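Protein sequence lines, in the order shown, are assigned to chains A and B. For the first sequence, our numbering gives the first residue as 661, with consecutive numbering after it. For the second sequence, our numbering gives the first residue as 14, with consecutive numbering after it.
In short, the hints are calculated from the structure, not lab data. Computed from a predicted structure; not experimentally measured. Do not take every clue at face value.
Straight-line alpha carbon distances no greater than 30 Å define the calculated DSBU-like cross-link-like pairs of lysine-lysine that follow [unchecked claim]: (1) B:Lys15 to A:Lys748; (2) B:Lys388 to A:Lys878; (3) A:Lys714 to B:Lys257; (4) A:Lys723 to A:Lys878; (5) A:Lys745 to A:Lys668; (6) B:Lys391 to A:Lys723; (7) B:Lys341 to B:Lys363; (8) B:Lys391 to A:Lys878; (9) B:Lys282 to B:Lys208; (10) B:Lys15 to A:Lys668; (11) B:Lys227 to A:Lys714; (12) B:Lys208 to A:Lys878; (13) B:Lys257 to B:Lys190; (14) A:Lys672 to B:Lys15; (15) B:Lys190 to B:Lys227; (16) B:Lys363 to A:Lys714; (17) A:Lys714 to B:Lys390; (18) A:Lys745 to B:Lys15; (19) B:Lys15 to A:Lys878.
To spell it out: a stretch of chain A is covered by chain B in this simulated footprint if at least three of its residues, at any positions, have a beta carbon under 8 Å from a beta carbon of chain B; those stretches are [said to hold, decoys possible]: (20) 668-676; (21) 724-736; (22) 792-798; (23) 824-836.
No residue lacks a Cβ here, since even glycine has one placed at the ideal position from N, Cα and C.
Here is how the chains run, residue by residue.
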Amino acid sequence: MYRSLIFKEWVKTRRFILLSGVAFAALIAYIFLWLAQTIGAMGIVGLWEAIIGKDFTLVAPLKYLPLAVGVLLAAVQFVPEMQSKRLKLTLHLPLGETRIICAMLGYGVAALLALFAIAALALAAGLAVRFSREIVLSNILTALPWLLGGLQAYLFGAWICLEPTWRRRIFSAIPAACVVAALYGGAAPGAYASYIPYALIFIAASFFFSLHSAARFKDGVQ
Amino acid sequence: MKHRNLISSLIIFVSTLAFLWGIPALVRLATYSAQRYPFAYFSAVVKQFCFREGSGKDALRYDATGRQYSESEFDSALPMLSYRQLSVNGVMPDSVNGQAVTAHDIRRSTFVFRYAKTDVSAPRTGLYVLLESMSGRVDLASPGDAFRLGSAVEFIDIASNAVNSAKSELYAKELGKRGFAFPAQWAVGDFNTRKPYDEGYFVLDAQGALFHMKQVSGKPFIRNTGAGDSTQISHFAMLTVADKRFYGFVFDAQGYMYMLESPSYRLAKLDMPPIDMQADEVLIMANMFYWTVTVTSPKGKTYYALDNESPRRVDEYAIVREKNLWDKASAWIFPVYITFSDATKYVQPKLNFTTSAALAFNLLLALAYAAAVRKRKKPAAVACGSIYILATGLAGLTAMALQNFELRFG
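Take these sequences, add in the hints, and give me the full structure.
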């Protein structure tokens with residue numbers, strides 16, 4: 661049953677996941693091309709010194725892509741479920757609503773984790789050619805809250821999409837926006853290092869929010 | 014669905030945390046106004062603080078006794094600050110304070126130093142650039158390598174991104190010979206090449222000893238300054254001054270400031286109270302006679318005049334910060350709220366507590382809530398909701414109102 665459920669999610673989202681992969685690949689290619697041009701303009705020594713002395717970030721163009729991917733994946737995965745109340749059919753599968761929703765969310769989280777991990781590894785591997793491990797780590801730490809922001813946005817997006825009433829969707833979006841916005845403050849590279857555990861707690865907690873929306877849907881709340 | 018009530022509570026709790034930050038942040042944005050303090054400078058002529066509020070022709074200029082000055086009188090009272098204007102006007106005095114002065118003397122002995130609370134706690138890459146301090150050239154040049162200093166010292170050739178083993182060994186050997194204890198706690202330097210000279214880095218070793226590390230004619234220059242023997246050093250701020258009188262300022266664990274003199278490494282304590290390094294900011298404007306030290310704290314601004322030679326305190330002046338609308342509003346509306354710390358460059362949530370008076374506001378909200386829902390809810394649910402609002406105030410009430418359900422346990 662789980663395999664069928666995951667396959668259903670895959671069919672719904674495969675085009676979007678492929679598109680997201682292409683978007684990440686294009687953006688990472690852009691970052692490397694931009695770096696090559698910057699090195700050409702100011703020299704590799706000048707660039708290192710700007711990174712060490714002036715908090716110059718190499719991964720800034722990546723900032724909002726994980727957020728957009730997270731929100732859109734939630735929409736691609738769950739908006740069709742809410743159209744014509746298809747979720748009702750899904751929830752009638754012989755698994756129990758909690759397991760069904762958790763499997764659907766687990767699929768989405770796993771897809772995002774795989775996408776973000778590949779992107780982070782590709783970035784790290786590319787940067788490690790010209791930069792020391794400290795600079796690579798600092799930039800990955802800079803991108804980490806943005807990647808977590810993508811996960812957080814996906815889980816909040818699922819919560820809001822599965823909610824049956826528009827009024828509650830809008831009301832749920834307000835605290836969700838606050839929690840996500842906290843990950844996007846302008847800060848020095850690596851400044852979010854000590855906030856990561858809090859972000860992970862919020863992500864873990866919000867995984868279960870969609871269950872509440874699904875239960876309200878099953879109750880027939882209009 | 015199992016645990017439905019638990020998930021409802023979790024949603025309210027997470028929403029409450031979000032609103033404990035979001036609502037006060039919006040209210041602060043609407044109500045906070047930064048206090049404007051006058052610019053202050055200690056006069057070597059009238060021997061007291063002179064202040065300027067505003068700018069241009071309409072600026073108010075006065076001294077600590079309340080005597081008001083015209084623009085030209087103010088320039089004359091502060092020749093160390095206005096020497097360029099006085100020179101242009103042809104009225105620059107030949108001597109000040111019984112001492113002959115020239116524009117060159119003033120420029121050479123003048124410096125400005127700033128300490129911000131975010132200087133202490135900020136993310137660092139752990140990489141440093143060590144310039145050649147005696148290259149034989151007029152301009153300082155970039156060395157083309159960087160070094161990491163943690164449990165060992167390693168120089169990395171930037172072009173090849175590979176460790177330069179020979180240079181690393183040379184420095185490791187010299188540091189070991191001078192008694193440096195790894196791992197280093199921090200290193201402070203300034204590798205900006207647009208300055209007259211370079212003094213490398215000051216490094217705090219694992220045992221709290223402050224070492225001076227620089228490169229002289231391609232060779233390592235490592236010295237234990239001895240400053241760590243008498244003082245528990247917390248922070249060092251390097252400063253390049255034209256007369257090479259000192260290397261920078263040492264801050265001890267209590268927040269006292271010291272000048273680290275050059276080349277003796279002697280610590281000269283600034284005759285002023287300790288600062289709160291997590292909350293205060295310091296501005297020093299120094300000339301050949303006096304230093305005007307401005308300490309800005311959450312409570313206000315205190316100006317100290319220190320004698321340039323000693324540095325002994327000769328005068329001080331304080332302005333207490335007036336409460337703005339945010340201070341008054343938060344004291345009544347938010348007994349507790351979350352901010353992302355502004356004392357460090359790290360992003361960390363910080364719980365702020367205001368006054369117990371704000372608890373009265375929470376009590377009012379809790380009573381209003383109980384009165385509004387008592388006919389529709391069970392007494393246990395009303396009690397739970399009221400207690401939650403009493404503890405979390407406006408944020409908790411907003412979270413509950415938006416989610417439109419009650420805290421239900423069990």
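Checked hints:
1. Only pairs whose Cα atoms come within 30 Å are accepted, and lysine 15 of chain B paired with lysine 748 of chain A is accepted, the gap being roughly 18 Å.
2. For the suggested pair lysine 388 of chain B and lysine 878 of chain A, the alpha carbons sit about 28 Å apart, so the restraint of at most 30 Å is met.
3. Note on lysine 714 of chain A and lysine 257 of chain B: the hinted pairing holds, with a Cα-Cα distance of about 25 Å set against a maximum of 30 Å.
4. A distance of roughly 37 Å separates the Cα atoms of lysine 723 of chain A and lysine 878 of chain A; the hinted pair therefore is violated under the 30 Å criterion.
5. A hinted pair counts as satisfied when its Cα atoms are at most 30 Å apart, and lysine 745 of chain A with lysine 668 of chain A qualifies at roughly 16 Å.
6. Proximity of lysine 391 of chain B to lysine 723 of chain A is assessed by CA-CA distance (about 47 Å); at most 30 Å being required, the pair is judged violated.
7. For the proposed pair lysine 341 of chain B and lysine 363 of chain B, the alpha carbon gap of about 20 Å is at most 30 Å, so the pair holds.
8. A distance of roughly 25 Å separates the Cα atoms of lysine 391 of chain B and lysine 878 of chain A; the hinted pair therefore holds under the 30 Å criterion.
9. Between the alpha carbons of lysine 282 of chain B and lysine 208 of chain B the distance comes to roughly 26 Å, so the proposed pair stays at or under 30 Å and holds.
10. Restraint check: the Cα-Cα separation between lysine 15 of chain B and lysine 668 of chain A comes to about 25 Å, which is no more than 30 Å; the hinted pair holds.
11. Between lysine 227 of chain B and lysine 714 of chain A the CA atoms are separated by roughly 21 Å; this keeps the pair inside 30 Å, and the hint holds.
12. For the given pair, lysine 208 of chain B sits about 71 Å from lysine 878 of chain A by alpha-carbon distance, which is inconsistent with the 30 Å threshold.
13. About 27 Å separates the Cα atoms of lysine 257 of chain B and lysine 190 of chain B, which keeps this hinted pair within 30 Å; it holds.
14. For the given pair, lysine 672 of chain A sits about 28 Å from lysine 15 of chain B by alpha-carbon distance, which is consistent with the 30 Å threshold.
15. With a CA separation close to 15 Å, the supplied pair lysine 190 of chain B and lysine 227 of chain B stays within the 30 Å bound.
16. As the CA atoms of lysine 363 of chain B and lysine 714 of chain A are separated by approximately 26 Å, the hinted pair is consistent with the 30 Å bound.
17. Distance check on the hinted pair: lysine 714 of chain A and lysine 390 of chain B sit about 58 Å apart at the alpha-carbon level, beyond 30 Å; violated.
18. For the hint pairing lysine 745 of chain A with lysine 15 of chain B, the CA-to-CA distance comes to about 22 Å; that is within 30 Å, so the pair holds.
19. At roughly 13 Å between alpha-carbon atoms, lysine 15 of chain B and lysine 878 of chain A fall within 30 Å of each other, so this suggested pair holds.
20. As drawn, the segment 668-676 of chain A meets chain B at 0 residues by the rule of a beta-carbon pair under 8 Å; below three, the given contact is violated.
21. Judged by the Cβ-Cβ criterion of 8 Å, the segment 724-736 of chain A is not covered by chain B as claimed, because only 0 of its residues qualify and three are needed.
22. Only residues whose beta carbon comes within less than 8 Å of a beta carbon in chain B count, and the segment 792-798 of chain A has 4; three or more means the coverage holds.
23. Here's how the segment 824-836 of chain A fares: 6 of its residues keep a CB closer than 8 Å to some CB of chain B, so the rule of at least three is met and the hint holds.
In the structure shown, a violation is registered for the earlier hints numbered 4, 6, 12, 17, 20, 21, in ascending order.
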